[in-house]
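S.K.: My request is simple: use the sequences and hints to build the entire structure.
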Amino acid sequence: MRVVAVDGPAARGLVQRCASGDPEARAELYRRSYPALRRFLDGMRLGLPRDQVDDAVQETYLRLFGNLAKVDPTRPLIPWVLGIARLVALETGRRVKRAAAPESSEDVVSNDDPVPGLVSRAEERALVAQALVALEPHERTVIVLRHVVGLSMKELAESLGCSAPTARAHLQAAGHLFALELRRRGLVPGRSA
Amino acid sequence: MNCAQIETYLETDPFLAEEEAVPVRAHLATCVPCGELADALARAHGELRPTGVVEPDLALFTRIERAHTAEPAVSETITVRLACTFCHGQVSRVTTVYCAACLAPHHADCFATHGTCSVIGCRETRTVHAASRRAPASSWRRHATLVAAMVLAGTMGIVLGARRPEGDSVSQPAPAPAASPLAVCAELERTVLFDASQPVHLVVTLAAREREVTGARPPARIALVVDRSSSMSAEDKITYARRAVEAFLTGLGPQDQVTVIAFSNDPETIVPWQPGGTAPAHLLARLQPQGGTNISGAIDAGARALEALDEQRTDVLRRVVVLTDGAPTVGELDPEKLVARARALQQRGITLSCHGFGKDINAPLMVSLAELGGGTFLYVDQGELAVRAFEVELMRALGTAVTGTQLRIEPAPGVTVDGIVSWTATADDGASVVHVGDLPAGTERKVVCRLRWTNPDGRAGELPLARVRWSAVAVSDGAALFGAHAVAAALGADAAASESSVQPHLRAKLVDARLALQVKQIDEHLARGEVGLAREQATELKALFEDDGELEGRVGRNAFLRTNNAGILLLRDGELPDDVDAARAAAACAVDAMGR
Chain A
1 MRVVAVDGPA ARGLVQRCAS GDPEARAELY RRSYPALRRF LDGMRLGLPR DQVDDAVQET
61 YLRLFGNLAK VDPTRPLIPW VLGIARLVAL ETGRRVKRAA APESSEDVVS NDDPVPGLVS
121 RAEERALVAQ ALVALEPHER TVIVLRHVVG LSMKELAESL GCSAPTARAH LQAAGHLFAL
181 ELRRRGLVPG RSA
Chain B
1001 MNCAQIETYL ETDPFLAEEE AVPVRAHLAT CVPCGELADA LARAHGELRP TGVVEPDLAL
1061 FTRIERAHTA EPAVSETITV RLACTFCHGQ VSRVTTVYCA ACLAPHHADC FATHGTCSVI
1121 GCRETRTVHA ASRRAPASSW RRHATLVAAM VLAGTMGIVL GARRPEGDSV SQPAPAPAAS
1181 PLAVCAELER TVLFDASQPV HLVVTLAARE REVTGARPPA RIALVVDRSS SMSAEDKITY
1241 ARRAVEAFLT GLGPQDQVTV IAFSNDPETI VPWQPGGTAP AHLLARLQPQ GGTNISGAID
1301 AGARALEALD EQRTDVLRRV VVLTDGAPTV GELDPEKLVA RARALQQRGI TLSCHGFGKD
1361 INAPLMVSLA ELGGGTFLYV DQGELAVRAF EVELMRALGT AVTGTQLRIE PAPGVTVDGI
1421 VSWTATADDG ASVVHVGDLP AGTERKVVCR LRWTNPDGRA GELPLARVRW SAVAVSDGAA
1481 LFGAHAVAAA LGADAAASES SVQPHLRAKL VDARLALQVK QIDEHLARGE VGLAREQATE
1541 LKALFEDDGE LEGRVGRNAF LRTNNAGILL LRDGELPDDV DAARAAAACA VDAMGR
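Protein chains in written order, with the numbering used here: chain A, 1 to 193; chain B, 1001 to 1596.
Careful, some of the hints might be misleading.
Said to hold, decoys possible - Chain B side only, calculated, beta carbon under 10 Å to chain A, not exhaustive:
(1) E1007
(2) P1014
(3) A1040
(4) V1054
(5) D1057
(6) P1254
(7) Q1257
(8) A1344
(9) R1348
(10) G1349
(11) E1552
Hints were generated in silico from the structure; no laboratory data involved. Just so it is clear, the structure is predicted and the values come from calculations on it, not from any experiment. Each residue gets a CB set at the ideal place from its N, CA and C atoms; glycine is no exception.
M.R.: Shown next as structure tokens:
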């Protein structure tokens, strides 16, 4: 699966044009990066109404446009945008968590063995979403960047601001915890003996 | 490749190199349960993938453009925003609580979570709130109040503006210390003591702050010292070692410098100092098995290479990383003298890490070398995990924020240190000294210390227990960091008061320490040759998971970030390798992951 547009030499010129204040370049940058950014923020399932997700999108672009001078034109652009969105999502998530009632986030999890075939597709999707929401923000971010946005390992490392081996370690740790949550919900089989 | 390892690889399957992917696919093709696990995970990941096309929202872009191009509003008022000292999130004036001692602002729930003020050195447990804002008094009322105050002051002979006497409990609070790359917090598991027959646990948490505080990563100077003794030809270990070295060299940045020294009877530099990012295959081909294992000569060669660089700058990370598959057979063989070399290196600003490859290593020696050398010990029990171990090494080496971290616990009169979980403490003039070593940015280490106390006079009030001193060096600027905490507890009148003072936020750390302590006991059984007792105790580890539902998650997280396959199999499933040396190495990894 590849969802993210590949950053090429054209994107490098685009960043430089944006930094010089060209409004058409900003529109082009927005057009190219919006799908990945929107998928990421929707995929994080922050529990926000659409207008507040729009606010998060706006905040991301305002920070991006305000810091274009710091963008290294040789580095891929989309992971840079997603790196900013990651911080915005973490801040938003913290704000939402404070505002939410403390007892409202408990998932309903069955300890019974799942019966194959009885979980419908819609229920399975809802349970997968529950498992994702149950993760800590950092682990959730890693899973969303990989499986919802479809970043490669190199792009993931750029977004997380670390080296590729470190990103791989983060992905493995997040994947393990995600598998634990899926197992709690009967979506993956138990550990083999 | 076995069933326990497979889950590690499933998450990164599309990114595996061909040599890693082949055994994974072969295992999945033959093992039905793992195949089903892989299918189920793939299906769940598929459910996360978005459907449909996302079109850019042009109305939203117009809004963003308007906000971006708008002139910044000039305000006549200054807005002051407060940040929570614990979580750094914004706080409002109304909902903020302030530390009663230093007035550091906190969210109420953050203060409750931490249990005390989170400013370094401040252990205040009480908070105060801002007074409600009142409307300003009218002009004539202000004048009348001022006149009345002056008359009253004159009558009582008080000079307005006089300083409060020294030691007044309402004196101005000391300013909070500036953000340091290292935060140290010393806390007792309970703040009220009653029964002197029960020891009390002191938990010292040393946390290296994130890069935003610790500064940009300094360049690294790393000497990779790789065993090429004849035993490395077994099980193709030399090939895996070569791949691990290649991955390590390419993972470094161009600002870093690295050299590779191969050793058997004598060390030999096979890759001279070069910038990171490239792995010269023709030079690494000289890594061919022959001869014995001269670990002391190898460590000395690595240290000499680093010191020969003769750089004047202090803001570099200097590290020797040793990969070996056996115990020393040539050169210095005395473990105590080898460990003394590691300590001397650390004092010269060079960190030593040790990676043990295969079941023939001397695990206790390598653990001690890495601990007193300030670095990492990792046990590579499967050839294909050698690359992974070097990835972890790279992550820790490049992330180092503070180095040479040392903790000194000085018990008060009448108090004794009954043990320090997971760390090797050295005694110094009645104090226990723990070498914590390097800390990567954004990570923390904990030292859990058990204190025995007495109260022969039966006095009430506060009982001093210990003084905790620490020192370290910030790698960003070479600044010396140090500080101290006095630890004291209240003496309670009954057991109920003591029980109610238990600090809930320390519970997870103490459970992890308990797990590490059990693994340490397994290691001690193995050292005495009591293999049966060790296995019995290993199978009992699972009981801890039943007491604590969150423990499995923490073990899972540490499995990937701080230990290896053998360590995690021991922690999670109570499995011990058949070979005693390999079992001791697994135990060392497990203790490191959970106890520190």
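S.K.: Work down the list of hints and note, for each, if the structure agrees.
M.R.: Hint-by-hint comparison with the structure:
1. E1007: 6 Å, holds
2. P1014: 9 Å, holds
3. A1040: Because about 4 Å separates A1040(B) from the closest Cβ in chain A, which is inside the 10 Å limit, the hint holds.
4. V1054: 4 Å, holds
5. D1057: Where the cut-off is 10 Å and the nearest Cβ of chain A is about 7 Å from D1057(B), the hint holds.
6. P1254: This hint is violated: P1254(B) lies away from chain A, its Cβ roughly 13 Å from the closest one there, beyond 10 Å.
7. Q1257: Interface hint status for Q1257(B): violated (17 Å vs cutoff 10 Å).
8. A1344: With Cβ-Cβ at 30 Å, over 10 Å, it is violated.
9. R1348: 27 Å, violated
10. G1349: 24 Å, violated
11. E1552: 7 Å, holds
Figure legend: structure checked against the earlier numbered hints; hints not met, in rising order: 6, 7, 8, 9, 10.
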